[in-house]
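> If you're matching them up, the sequences are chains E and F in order. Per the working numbering, the first sequence starts with residue 1, numbered consecutively. Per the working numbering, the second sequence starts with residue 1001, numbered consecutively.
A hint or two may mislead.
[As the list claims (entries may be wrong)] Chain E regions said to be covered by chain F (calculated; three or more residues, Cβ under 8 Å):
#1 32–42
#2 54–60
#3 103–112
#4 159–172
#5 336–346
#6 356–362
#7 483–496
[Claimed, not checked] Computed list of lysine-lysine pairs in DSS-like fashion (alpha-carbon distance at most 25 Å, straight line):
#8 F:K1580 <-> E:K200
#9 F:K1169 <-> F:K1412
#10 E:K212 <-> F:K1073
#11 F:K1412 <-> E:K212
#12 F:K1378 <-> E:K202
#13 E:K249 <-> F:K1378
Derived from the structure by calculation, the hints contain no laboratory data. We put the CB at the ideal spot given by N, CA and C, even for glycine.
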Amino acid sequence: MSGDIPKVKITRAVARLLKMIFVSGKLVFFCEAVIVVLCSLLPVMTAFLWQRILERMDRPPAELFVLFLSMAISGGLMLSNGYFREVFDTIFRNTVAGNMQKRVHEKAQRLPMDDYEDAALNDLLTCAGEKFFYGDVLGFIIEGVYAVQVLISIVLTGCLVWGYHPALELPLLGMLAAQVLGIRLNKKRTELDLALVPMKRKQEVYKEYLTKHENIKEIQSLGAHTFFREKWSSALREAMTFEERVSRKIESLRAAEDVLKRLAVIASYLLCVILAERGMVGIGQFGALILLMQQFQNSSSDFVERIQYVHASAVHVQNGIAYFELPEEQRERSLKHSVSEITLEGVSYRYPQAESAAVENISMRLKKNEIVAVVGKNGSGKTTFSKLVSGLLVPTEGNVYFDGIPSSEIENGSLYSGTTAVMQDFVRYCMTVRENIILGDCEKPVSDEAIEKLIRDMRITFVSGKTGITLDTDLGVEYGGMELSGGQWQQLAILRAKYKDADLVILDEPTAALDPLKEAELFSAFQQMCRGRIGVIITHRLSMCSFADTVLFMDKGKILEMGSHRELLARGGAYARVYQRQAEMYKSE
Amino acid sequence: MGEPLPEKNHEHDLSGDFADISYINLCFEKMQNLKHYCNYVYCVVKLRKNINEGQTMEQKQYKSSLYSSTRAKLALYFLCSALRGLALPAEMVLVQRIIDSIAAGGMLARRYILVLGLVFLADLVLFHAVNYMELLIRDRIEYNGGDYLLRRCGEIRYQYYEDGEIYRKIQEIMSRYKDAEWGRIQSWAFVLQLAFRLTGILYYLILAGPWIAVLLTVAMIPPLLLSMHAVKKEFVSWETFFPFYLKARYLTELLTKRRSVREARIFQYRHYVEGAWEDALKKFNKGQIASNLKPRYLTGFCVFLQYAITIAVLFALFPQVQAQTLTVGVFTAAAQAMWSFTGEFQYGVIQMAKGFQEGRMFDEKISYFLSLDREVPKQVKEIPVFCSLELRDIWYRYSEDTPYILKGVNMKLDSTHKAALVGANGSGKTTLIKILLGLLVPEKGEILLNGTPVTDENRELLRKSAGAVFQDYMKYNLSLSESMNLGRGEADVSEAAVMEMFGMLQPDGSLSAEMRDGLDTFLGKDVENGRELSGGQWQSISLARAMLSDRPILILDEPTAALDPLAEAAVYDLIYEKKKEKSVLLVTHRLGAVVHADCIFVLKDGKISECGTHEELMRAGDDYAGLFETQRHWYILKEEKKGGDSDEWGYSES
């Protein structure tokens, strides 16, 4: 399935979207429809009432009271409905879009992990889902609804005007034509706008050098502040000169656009006047016409703007629907509770779009109560191996059997219920310390004593009264929490992995960010974590292999050497040589 | 009733100190009776006055630099915007004439239409002129303001950047100074325009009857106040609930983004995170409904009300039309003008109120920023020959309510010494580096450079003497020659020297090969389409810059983290063998790399717990020896078990 990005036809995408909206909130859907129709009636109704008033100039005011009152209500609503609509839009977003977003969350858990490795799908996966609630799909819906509303009132205006005099359709069409011409000019403008982007980016980069926390220490210690300020200012000046030149063009294009539109308005006024002068439309109709023309001008440009937005965001709807239509994993079987053996048979894995396999033809057996250490250079396939063992990736060739059942057939909940891991790129959750730990197993009833005991057992000291970090401390500076060091984050990841009871423990470079002392301290903890389980430890530090039962020395996706630490050293092959080099640094003179 | 207000003597204390804003806020929160209210008003007035007077010399300077060489454009901009305000009254006049002429059966209407066309055209020209001028002025503000503020960013003390709160303010200022200032200008332009429009409308209303004009004006005040109030409320509380939105978005990303999706599966935490997501959204919505939508409601209601009033006025005018004391034209024109006015008016007022409000809040931030301590660097002509750098009893903490990070550090670096600093995570190494570099000023204790104490006066000397390669080294988007010459006082480095250095750092020649255009090679992809390098290559670039610099002291923080073993060995070779003239302080966790250092400092609990050569420290058998043993242990564990032939590994003596 790798390679091409699935495309969905726009008509089908919109149809599916409508269906989703309908399913996600029937009541809201109907309310919206009713409101759209009512709102689209308001402008025409107001103009009609005004015509009536002007036609009844000679009646006693009391007779006109009802007309004035309805005019006040309909016109008032017409002007103010936008403000009320925002309230409704919020309700809409919370119910309908919220429900759709939940379906996205669910979908994300059902996609094959391969998809996340596929560069071609990357965009779809990272952006499409979010757009439902936070971005353009929601925009598409809201703007689309407004566009429909405006369209109805444009058509109604046309009907009303036809009743006055058919010739009056001409100026209306003229105004629409001017708008459409405007779109073409607008396109040209967008191109110019785009040319500006790289220019602006340059000065942004230099500004960041000068103001961002992570940069300032180096800049200040180099004494390069002035240098970069001058860089910034020349980059900005360059961008400004360019922008001013470009925007003269842009502005004249805009002016041309406006002249067109205004000419259409003037022409239509002229036509009205001529018809009025010839007595073809009455004074009341004329007054209403002036009003209608003005509204028509506004609503036609409104319509065009919204349609443009809808047009531009349609691709996000297509992507969003394509996202929902991505094939899901077909996994149905479930495991009996505890896994005691994982067998790899001729397992190879090639990443989507990759030229060669990341892991090639591996066969081995992982048993309960045994620790396997995987070592090798960067890019030798260690992490891929661990993903295959955990069932996250399904091999492209061969099979990984969990107690005899291929991993590709085991249903997610059951597959992962017995697995815990410290990932190489562990996640730094911007949540509380407690949440960072209990995310490891959310089913477990939360007990602070248990968590605190765990922290004590693992001899993790930074969560204590002394440092001011408690279980309730919010973490992550982006969301207003406290920032931890890389090592501290990693210790939390280790706690999280330990918090979950599992049959399979995978530790992928679990100490990369830790200082040697901490690393040494955690050593025995790792051993203990793997005890009675299937343990896989990935490391670049060969010294860690000493406590493993089996060592896999990987190179270019293949197993170069396999055996116990002692066997491999005795063999004097590649493993022994690398080991020796690392040990050499600790040779005393 | 209530808690007593903190006592504060108005006469003396409100000398324009900005700390008083918090006092005022306190007064505001606790406002329970008339006395408190008076207090509040008094403080605000006094503070306003002070803001306008003494304290803000700095701010005045900033403001005047902001508008330098744009005053004429600004004046023109205001003029044009004001003139645009005339379009609506002109349109009204013409519509009135047109209708009257049609009602009278005359043929003048067409001419008026043409005039109307001209008015449109003039308005259009003005509109685009205003737009273009807006661009010019905005650019100017961005440029002038940026220049002034960035200069300040370089002058304020480094420790402000370490303070989250201040740092956030700086970020906000740098990203919004242009918009905040522009918002205010726009609001003023709107006020001018509004004045013209109102005049036009009032003219018609006065024609119709002065009492109506008065009535309508009075009737407009409550909606106006109401929407102003709404804006203020919206503005203030946005900050309190918007974080929940960000949080919700973050939680969504956890469930859908690649970087966390693996853990999401392994730990199966979707339901938990989704619960938190719903919770955050609920809070966001609650806040939004209370402070954002209610005002919106109110505004909508105001617009409705205003329009209803307009219609009521028209209804009241109706008898006059019938009595023909008022022409149909005036009647229609007034109706239409009020029509288009009502819609724009509320919207405009909200924008205007926002602009002013934002400008005012921003002013407070700017003046706070401008009041931060500065250290204007003194020019250093020559870097003296380096003999020694000594720290004596250095104490440091980031703020008064956090514990000390450094608790009396003593250490001394000599010229040509290769020293090393080791210590556990969080032992204060980074802080110590920043102090050695002269970035942070110690709270207590002395730094001696060549035997002379470093003070505010000569800190620049220290900064110019010590260079660093940080753990999170920067990847400058510059040409290679610019990058190599950063921070250099004297003549530029030659291409030969750079290439030689690259050859030493990456013995396989990969780095030199990367530089296709020699010194003109542009590095980094962010700015121009330059060459993107790997992490290791970037680190080598940083190392090369430091090695080639004229600074006698180099502080290298984990300088080989991104390098492969071959390049790593080359770096240590360079430090210990080839570049003997530099004094180096190597900071690392990899104890194998510090064995050859002349002096090893062990930082523990904010103090130097041990120092000496590797042998001395091993003999002493304290923390360092323990640490070293642990690291080495891993390599000998099995060997010793095997039968103690550790001689082969050279570990026999300890």
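> Determine for every hint whether it applies to the structure shown.
Hint by hint, here is what the structure shows:
Only residues whose beta carbon comes within less than 8 Å of a beta carbon in chain F count, and the segment 32–42 of chain E has 0; fewer than three means the coverage is violated. As drawn, the segment 54–60 of chain E meets chain F at 3 residues by the rule of a beta-carbon pair under 8 Å; at three or more, the given contact holds. Remark: the segment 103–112 of chain E is confirmed as covered by chain F, as 5 of its residues place a Cβ nearer than 8 Å to a Cβ of that chain, reaching the required three. Closer than 8 Å: that is the beta-carbon criterion, and the segment 159–172 of chain E has 0 residues meeting it against chain F, so the requirement of 3 is violated.
Requiring three or more residues with a Cβ within less than 8 Å of a Cβ of chain F, the coverage given for the segment 336–346 of chain E is violated, as only 0 such residues are present. Here the segment 356–362 of chain E counts 0 residues with a CB under 8 Å from a CB of chain F, which misses the bar of 3, and the coverage is violated. Counting residues of the segment 483–496 of chain E whose C-beta sits closer than 8 Å to any C-beta of chain F gives 4, which meets the bar of three, so the coverage hint holds. Note on K1580 (chain F) and K200 (chain E): the hinted pairing is violated, with a Cα-Cα distance of about 44 Å set against a maximum of 25 Å.
Between K1169 (chain F) and K1412 (chain F) the CA atoms are separated by roughly 37 Å; this puts the pair beyond 25 Å, and the hint is violated. Proximity of K212 (chain E) to K1073 (chain F) is assessed by CA-CA distance (about 33 Å); at most 25 Å being required, the pair is judged violated. Simply put, K1412 (chain F) and K212 (chain E) have alpha-carbon atoms about 32 Å apart, too far for the 25 Å limit, and the pair is violated. Straight-line distance between C-alpha atoms of K1378 (chain F) and K202 (chain E) comes to about 30 Å, which puts the hinted pair past the 25 Å bound.
Our distance criterion of 25 Å between C-alpha atoms is broken by K249 (chain E) and K1378 (chain F), whose separation comes to about 47 Å.
The earlier numbered hints that this structure contradicts are 1, 4, 5, 6, 8, 9, 10, 11, 12 and 13.
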